[in-house]
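As you go down the protein sequences, you meet chains A and B in turn. Under my numbering, the first residue of the first sequence is numbered 1, with each subsequent residue one higher. Under my numbering, the first residue of the second sequence is numbered 1, with each subsequent residue one higher.
Some hints here could point you the wrong way.
[Unchecked claim] Now the stretches of chain B that chain A is said to cover, found in silico as 3 or more residues with beta-carbon under 8 Å:
| no. | stretch |
| --- | --- |
| 1 | 5-18 |
| 2 | 32-40 |
| 3 | 46-54 |
| 4 | 98-112 |
The set of hints was computed from the structure by calculation and includes no laboratory data. By construction, the Cβ of each residue, glycine as well, lies at the ideal position given by its N, Cα and C atoms.
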Amino acid sequence: AQTVTQSQPEMSVQEAETVTLSCTYDTSESDYYLFWYKQPPSRQMILVIRQEAYKQQNATENRFSVNFQKAAKSFSLKISDSQLGDAAMYFCAYSGGSNYKLTFGKGTLLTVNP
Amino acid sequence: SQTIHQWPATLVQPVGSPLSLECTVEGTSNPNLYWYRQAAGRGLQLLFYSVGIGQISSEVPQNLSASRPQDRQFILSSKKLLLSDSGFYLCAWTRDTLGTEAFFGQGTRLTVV
Chain A
1 AQTVTQSQPE MSVQEAETVT LSCTYDTSES DYYLFWYKQP PSRQMILVIR QEAYKQQNAT
61 ENRFSVNFQK AAKSFSLKIS DSQLGDAAMY FCAYSGGSNY KLTFGKGTLL TVNP
Chain B
1 SQTIHQWPAT LVQPVGSPLS LECTVEGTSN PNLYWYRQAA GRGLQLLFYS VGIGQISSEV
61 PQNLSASRPQ DRQFILSSKK LLLSDSGFYL CAWTRDTLGT EAFFGQGTRL TVV
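Model the full structure from these sequences, guided by the hints.
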């Protein structure tokens, strides 16, 4: 069974600094996708970034980038130049195999200090 | 464009009462549909998902059930609510292609009293 583990329940960062959120996963599938979603206080889920397992190049979206280590089954999110609006709950998610199951981790609550 | 509707937004129900939460998607066909529960502002627990009409996969076979009577309609139900059913329930959909983005409804805050 696929599992997603986020070992950091809470993280904090100073505005304009860089922070890295950790995520590990377990799967026996060869074709899968990994995601980071953001949930601000409004509770609306927003896709931050997506990584395809067959792509070795790490995905980037403006200030957000990932460090995808396939052999280690690790998928961390780096937020550069942190902004107050980045404060939210961040979820790592996995989707793979042929059953379209979408599994989320328990989340990391990110606080951005001014 | 595609939209997802989830209702009601807030619900207060007594213990032992039934539950029906509804989710509908517009603007697409054959979506994959999901129900999640988020307790105490923490992780998203996958409850059910469906890849087609009448096809339901259960991840948490407890007090809840799900049905998909139409292609773009997903219903979460309970015959008798427990206090532990309280939480924030989210419906989501993806296209029927692996790895596509999930789009979420606004959520339902359920309080069982």
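Just to make sure I understand the rule, a stretch counts as covered if three or more of its residues have a C-beta closer than 8 Å to a C-beta of the chain. Does the stretch 32-40 of chain B meet that for chain A? Since three or more residues must qualify, the claim that chain A covers the stretch 32-40 of chain B holds, with 3 doing so at under 8 Å.
Checking C-beta pairs, does the stretch 46-54 of chain B have three or more residues closer than 8 Å to chain A? holds (count 3)
Okay, the stretch 5-18 of chain B and chain A, do three or more residues pass the C-beta test at under 8 Å? violated (count 0)
Verdict on chain A covering the stretch 98-112 of chain B, criterion of 3 CB contacts below 8 Å: Since 7 is at least three, the answer is holds.
Taken one by one, the earlier hints fail for this structure only at number 1.
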